[in-house]
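Participant: Sequence:
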Amino acid sequence: MPAPSRPFTARHVQLGRAVMAAIAAIMITFSADHSAAIGLSVFGGFAIITATILIIAAVIVYPNGRRWPAVMMGAFTFLFGMAASVPVWRSDTLFFVLLIGWAAVTGLVELIAGIRYRGTEGARDAITVGAMGLLLALLLLLVPIDLVQDYTVGGNDLVLTGIVIGVGLFGAYAAIVAVFLGIAGVSPSAKKDIESDAGADRLADHGGHA
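Numbering-wise (the UniProt record's numbering), the sequence shown opens with residue 1 and increments by one.
No lab work stands behind these hints, which were simulated from the structure alone.
We put the CB at the ideal spot given by N, CA and C, even for glycine.
Don't take every hint at face value.
Said to hold, decoys possible - Computed beta-carbon distance windows for the label pairs:
(1) Ala172 x Thr93: 19 to 25 Å
(2) Thr52 x Val97: 20 to 26 Å
(3) Phe30 x Asn64: 38 to 44 Å
(4) Tyr151 x Ile56: 42 to 48 Å
(5) Tyr151 x Leu94: 24 to 30 Å
(6) Pro144 x Pro63: 44 to 50 Å
(7) Val153 x Ser31: 16 to 22 Å
(8) Tyr151 x Ile115: 41 to 47 Å
(9) Pro87 x Asp157: 19 to 25 Å
(10) Arg124 x Phe30: 29 to 35 Å
All chains, full assembly: derive it from the sequences and hints.
Facilitator: Right, dumping it as structure tokens:
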């Protein structure tokens, strides 16, 4: 008798992460305030809920032997999110430290997992999203925290600061990830791969060869 298929799959994880990234992108895009307080507030909520999705996925979605990426990413994301959620800690420096640390650590874990499990469900998506995380970390490293640049648009004097660029980069990253994971989660190829991989997982869970 064949084992029942899992009610939740990696596709649901992708869609859940896409929704949270989209919400973060929208909140930053439509906010006129790109301060550290706003950036860390949005990141904190995004990180904590995303971490919850990843931890739940490690328990009910991924088979034994493939849970470590979700566990590691979920744990680190939760810790960084909690640190960002302490109002009295919020500063320009903390924003860059947390975002660079989070993007580098989780991006590296996801990239390694995608390469290690290449050819299986979600591996290519993990490689791409992991690389995007590392790129975000690199771009944030290149932004001077104390940057203050005056400029004029339409006769209005404005100021461009490092934190404005940093928050904007996070918003752009979130928007790209939301679109990418959203498409990956609903694409027919993703569904086909999931059905194939589910059969292999069931064999592996019962000691067979996939």
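Participant: Using the beta carbons of Tyr151 and Ile56, state whether their distance is inside 42 to 48 Å or not.
Facilitator: Holds: the Cβ-Cβ distance is about 45 Å, inside 42 to 48 Å.
Participant: Could you say whether the range 41 to 47 Å given as a hint is met by the Cβ separation of Tyr151 and Ile115?
Facilitator: holds (42 Å)
Participant: At the C-beta level, are Thr52 and Val97 separated by a distance inside 20 to 26 Å?
Facilitator: Given range 20 to 26 Å: holds, Cβ gap about 23 Å.
Participant: Is it true that the C-beta distance of Phe30 to Asn64 lies inside 38 to 44 Å, as the hint says?
Facilitator: The hinted range 38 to 44 Å holds for Phe30 and Asn64, with Cβ atoms some 43 Å apart.
Participant: Between Pro144 and Pro63, is the Cβ distance one that fits in 44 to 50 Å?
Facilitator: Between Pro144 and Pro63, where Cβ atoms are some 45 Å apart, the hint holds.
Participant: Look at the Cβ atoms of Ala172 and Thr93 and judge whether their distance stays inside 19 to 25 Å.
Facilitator: holds (21 Å)
Participant: Do the beta carbons of Pro87 and Asp157 sit within 19 to 25 Å of each other?
Facilitator: At 30 Å between Cβs, range violated.
Participant: Should the hint that Arg124 and Phe30 are 29 to 35 Å apart at their CB atoms be regarded as holding?
Facilitator: Holds, since Arg124 and Phe30 (Cβ atoms, about 32 Å apart) stay within the stated range.
Participant: Should the hint that Tyr151 and Leu94 are 24 to 30 Å apart at their CB atoms be regarded as holding?
Facilitator: holds (26 Å)
Participant: Please test the hint of 16 to 22 Å on the beta carbon pair from Val153 and Ser31.
Facilitator: holds (19 Å)
Checked against the numbered hints above, the structure violates only hint 9.
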